Amino acid sequence: MPDNNKTSIVVFSGDMDKVFAGFLIATGAAASGMEVSMFFTFWGLKAIQKGSLTGKGLLGRMIGLMNRGGIERVGPSRFNFGGIGRWLFKKMMRDKNVVGLSELLETAIDLDVKLYACKMSMDVMEIAEEDLIDEVSGFMGVAGYIKEASESDVTLFI
Amino acid sequence: MQADRVEDYRGQLCPMPIVNMARAIKKMEAGQVLEIWADDEGAHADVPAWCEKTGNEFLGEQESGDYIQYFVKKTT
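Protein sequence lines correspond, in order, to chains A and B.
Residue numbers for the first sequence, in the working numbering: 1 to 158.
Residue numbers for the second sequence, in the working numbering: 1 to 76.
Errors might be hidden in some of the hints.
[What the hints assert, rightly or not] Quick list of in silico lysine-lysine cross-link-like pairs, DSBU-like style, CA-CA up to 30 Å:
| hint | chain 1 | residue 1 | chain 2 | residue 2 |
| --- | --- | --- | --- | --- |
| 1 | B | 53 | A | 6 |
| 2 | A | 96 | B | 53 |
| 3 | A | 114 | B | 27 |
| 4 | A | 114 | B | 26 |
| 5 | A | 114 | A | 91 |
| 6 | B | 73 | A | 147 |
| 7 | A | 18 | B | 53 |
| 8 | A | 6 | B | 73 |
| 9 | B | 53 | A | 147 |
| 10 | B | 73 | A | 18 |
| 11 | B | 73 | A | 114 |
| 12 | A | 6 | B | 27 |
| 13 | A | 50 | B | 53 |
| 14 | A | 91 | B | 27 |
[What the hints assert, rightly or not] A few chain A residues that don't get close to chain B, going by computed Cβ distances all over 12 Å:
| hint | residue |
| --- | --- |
| 15 | 25 |
| 16 | 60 |
| 17 | 93 |
| 18 | 96 |
| 19 | 103 |
| 20 | 108 |
| 21 | 110 |
| 22 | 111 |
| 23 | 150 |
| 24 | 151 |
It should be emphasised that the hints constitute simulated quantities derived from the structure, not laboratory data.
In this text the structure is predicted, and so the values were computed from the model without any measurement.
Ideal placement from N, C-alpha and C gives every residue a C-beta, glycine not left out.
Modelling step: build the complete structure from the supplied sequences, incorporating the hints.
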């Protein structure tokens with residue numbers, strides 16, 4: 001029975017609503033005294049990218065252009081409408097004084113939430129280490145994640 | 001109730017009241033009382049829950065017009 005007061009969150013989605021939920025739970029857990037790690041894989045990598053153009057080969061560069069990274073570029077999982085939805089949701093949140101995604105990411109880092117990147121999906125999408133934000137704590141494979149998750153009281157897949 | 005520190009989190013929404021409260025408590029000594037002002041309804045359930053999770057003492061709350069004053073004692 002895990003008793004290390006840890007929270008492990010897999011961020012598979014690259015949608016604003018889901019990434020926001022991931023960071024909100026992470027900061028809440030960290031504020032509650034837990035040790036928090038977040039594993040960004042596949043679409044989730046978007047949230048921890050700098051926003052530079054990624055890719056080496058043709059396909060890599062195509063996906064890099066269509067799925068350009070950066071936390072402010074993530075759009076809602078529905079009603080994105082090519083980006084209008086993202087703008088509208090952000091406006092609604094701003095009007096209600098909800099913290100923005102960039103600030104939430106900074107808060108998570110400030111609270112010592114560890115951010116890990118999935119090496120495998122980085123390689124598939126041809127995203128390089130330099131394309132990720134500096135605050136990323138390291139890279140992981142599935143075994144690393146399983147070890148962390150098996151020691152965690154709270155494990156989530158977002 | 002007398003507090004050693006008062007923080008105003010009115011206008012803040014989840015998770016900020018809890019995040020900021022955790023940061024404020026970290027800067028305080030054990031035995032001191034923190035008073036926070038919050039109008040976020042989520043904080044109503046969150047403050048006692050946070051206290052229970054972290055082992056700090058929830059001393060109670062007091063309604064004050066359109067916001068609530070929460071009193072938390074740092075135990076560790």
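Now for the hints, and whether the structure bears them out:
1. B:53 x A:6: holds (12 Å)
2. A:96 x B:53: Holds - the C-alpha atoms of residue 53 of chain B and residue 96 of chain A are around 28 Å apart, at most 30 Å.
3. A:114 x B:27: OK: residue 114 of chain A and residue 27 of chain B at ~22 Å, within 30 Å.
4. A:114 x B:26: holds (20 Å)
5. A:114 x A:91: holds (29 Å)
6. B:73 x A:147: Violated. Residue 73 of chain B to residue 147 of chain A sits at ~36 Å, over the 30 Å cutoff.
7. A:18 x B:53: holds (25 Å)
8. A:6 x B:73: holds (24 Å)
9. B:53 x A:147: holds (24 Å)
10. B:73 x A:18: violated (34 Å)
11. B:73 x A:114: holds (29 Å)
12. A:6 x B:27: Cα-Cα ~23 Å, so holds.
13. A:50 x B:53: Answer violated: residue 50 of chain A to residue 53 of chain B is near 35 Å, above 30 Å.
14. A:91 x B:27: Judged against 30 Å, a Cα distance of about 34 Å means the pair is violated.
15. 25: Check fails; 8 Å does not lie beyond 12 Å.
16. 60: Label holds. Min Cβ-Cβ 36 Å, cutoff 12 Å.
17. 93: violated (9 Å)
18. 96: violated (7 Å)
19. 103: Given a closest Cβ separation of 9 Å, the condition is violated.
20. 108: Per Cβ check, residue 108 of chain A is inside 12 Å of chain B; nearest 9 Å; violated.
21. 110: violated (8 Å)
22. 111: violated (7 Å)
23. 150: At roughly 21 Å from the nearest Cβ of chain B, residue 150 of chain A sits farther out than 12 Å, so the non-interface label holds.
24. 151: holds (18 Å)
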